[in-house]
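*Asks:* Line by line, the protein sequences are chains A and B.
Numbering-wise (UniProt numbering), the first sequence opens with residue 1 and increments by one.
Numbering-wise (UniProt numbering), the second sequence opens with residue 1 and increments by one.
Hints were generated in silico from the structure; no laboratory data involved.
We put the CB at the ideal spot given by N, CA and C, even for glycine.
Wrong hints could be hidden among the right ones.
Stated by the list, open to error - Here are the simulated distance ranges between beta carbons:
id, chain 1, residue 1, chain 2, residue 2, range
1, B, Arg244, A, Gly492, 52 to 62 Å
2, B, Gly180, A, Glu300, 46 to 56 Å
3, B, Phe79, A, Ile228, 50 to 60 Å
4, B, Thr209, A, Leu453, 45 to 55 Å
5, B, Ile76, A, Gly492, 23 to 33 Å
Said to hold, decoys possible - Where chain B lies over chain A, by a calculated footprint (3+ residues, C-beta under 8 Å):
id, region
6, 193-207
7, 219-226
8, 244-250
Claimed, not checked - Non-contacting residues of chain B with respect to chain A, defined by C-beta distances greater than 10 Å in every case (computed):
id, residue
9, Met20
10, Phe23
11, Ile76
12, Val132
13, Ser134
14, Gly143
15, Leu158
16, Asn205
17, Pro210
18, Leu233
19, Asn237
20, Asn239
21, Gln243
22, Asn246
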Amino acid sequence: MHRLIDDNQDSPDEMTELLKSQDNDTIIDGPERPNITNLPDVAIIQTSTDGENISSNAAATASSHSRVEAIDPQDHETTHRHRRNEQPDEQRPLNIEHEEIFKYGASHVVKLFVPVSLCMLIVIITIKTTSSYTPGGATWAYTPFTEDKSTNTQRILFSLANTFIFMGFVITATVILILLYKFKCYKIIHGWLILTTLMLLFFFLYSYFSSISASLNRPIDMITICFITWNIGAVGMFCIHWKGPLPVQQAYLIFMSALLALVFYKFLPDWTGWLILGVISIWDLIAVLCPKGPLRILVETAHERGEQIFPALIYSSTMVYMVTAVDPPPSEPQFAPDNINTNIAVNVDETLNEEQRNQRAAIRNNNARRQLIPRSDVPQTATRREPARYVVERSNSPVIDDDDDDEKGVKLGLGDFIFYSILLAKASALGDWNVTIACYVSLLIGLCLTLLLLAIIRKALPALPISITFGLVLYFSTVYIIGPFSAELNLGQVFI
Amino acid sequence: MTIMECAGCTLIAYGVPFSMFVFTIAHHPFRVIISMTSAFFWLLSLLLSSFLWFAVVPLRTQLAFAVPFAVIFQEIFRFLFYRLIKKAEFALQRVQMQELTDKGMVFDRFAVAYASGYGFGLISGTFAIVNVLSDMTGPGTLGIFGHSQDFFIATAFLTLCVILLNTFWGVIFFTSLDKGGIHRFIGPGTVVLTHMLFSCITLVNRTLTPMYTISLIVGYAILLGMIIYTVVLRGFNLNNIRQRIN
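Given the sequences, and given the hints that come with them, work out the whole structure.
*Replies:* Right, here's the structure in full:
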């Protein structure tokens, strides 16, 4: 799930985001929901004749001029909106016709590239160095049928059966989550979340260490293992559920996603794994985009209540802020601070010189338009049972925001991490690095495209389908078609 | 020995490109994305070429058939990527470019051309060498059947050559197309011709005891030529250089 947090918030109560997306990170958990409750005012809508708006950094530029109200046909919360500046009326029709410009630049996309790549790297390194994370060892309850069948048809049938059983668990978990959320059983959700993080951090970590030491053939004494596990686990619980330094929290999320992906990789039989990847992308698509889809229902419920949707299981690149609006200063320069924060589309890389940075920081500081309240994110990796959701309590203490240029973060659901890593793990199982690299590139490009679409459509979007589709297509084509060609070329050292 | 050789060949092939990445691309997210996207385009072109190779079953061992088509497909996809970038830039230009230029930010075409060439080159070199590198770490004897013993080293140097060549080809291609006029044909034409020349020369490597020197020298000579052409295209000439040196 992606969220781009816009700090030009007007709405008094909720965090508004420019871009929403949504993703199903249920493997086990229910789907993740975006935190978007209403569209921000500041989206600038501009048309372009091509209708193509490739660069995701195009965002910033638009914000340079006056803000426009985003016209959203589904908008039902006009009550929450406060317009900060009065738009000149003649500008509105113009802006309505125009296509939306992304406010956030390529740096946000890259900020998601890095953790996803790290997660995949951890998974691949573990698989290559230890032998105990290879599939086919034991079976688990979620995919009870084995794939040792005599004919291919039987194998497919049993794999399909496995897939449907697994998806049954996932859908049940999602539905339970939604019911819990609808009936406001926040305590249960919170408690469940803590329990699952506990299990993940301690039990899986312990089994990870023991399998590493077993496959590296180095015995480690129990005391050391317990000491290490206890420390890592306790700090993890703190960072994830309470407060902690952001890099540490991010590191824990990445590591836990990697752990879970490894567990999945180990227990999912071969063909079942591929089928599950495909089916869960379709489920993601359905759940998020169909009007009766569970995730959509969740979004709308959160809409109605004016609450944030669960921030659980989210990787965020900055501290998550809740924004409350404050009356804008009377004279706001046209060169509004929002623009400052934007990564300008064109050459994003131009670094500002010191003076410009200080200027911007000064303007931002003086502009008390909003107060940012840090909210502890409670992400957590998917559990096997129920989706755990945590509703954020809004605190009333304003806190100073930080002055980075990219304080607006990007979020991605941890389920995305997990499924991408599973795909890559299966791709690397063959030992052919061409396949691994091809899948890696296609996954990242899929992510890029999803973020782009997110910026264009500005609705909840699932992150899985595009990437997984690209990944699967490129996997099978690389294994069967590109692979032999490439091998033939390598053999003769022919460089095309 | 094997790990050493693997590390050595990796550094030969990726040393310069890695430095290029760290110094020119890593801190610019836009360029990272451009490189990734152009790598993806290269993958698509390879997919097409592989389909062609795969489909024509009897000629599978005759790489001389597949290689020119692979080159042509790559250049077609380079052109397609150029069109994509053009569209994106056009879309950006509709948006109040004035504010951007005031702030000193312009759509840096050179950077985009460079990043795209780099992306192409990186993925091209990677596909050429990465399996060889992973085989290098395992047991084995090189040249046991009378094959050349320079296989690994030559591969590493050729990979470096390919990566750099693609970078410069990208710059030449995009810059020439941007310039218009006669350059619209000279630039891409040069790129296609030299690419074809380079790839077909490497076909010589398929004999039992290949003379790697041929492909290496031709490759690096072409690289030198491309560097000079790029420099000339970007507007430097002898006077400029003389002034800068003095």
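*Asks:* Identify every previously stated hint that the structure contradicts and give their numbers, smallest first.
*Replies:* 1, 6, 7, 8, 12, 13, 15, 16 and 17
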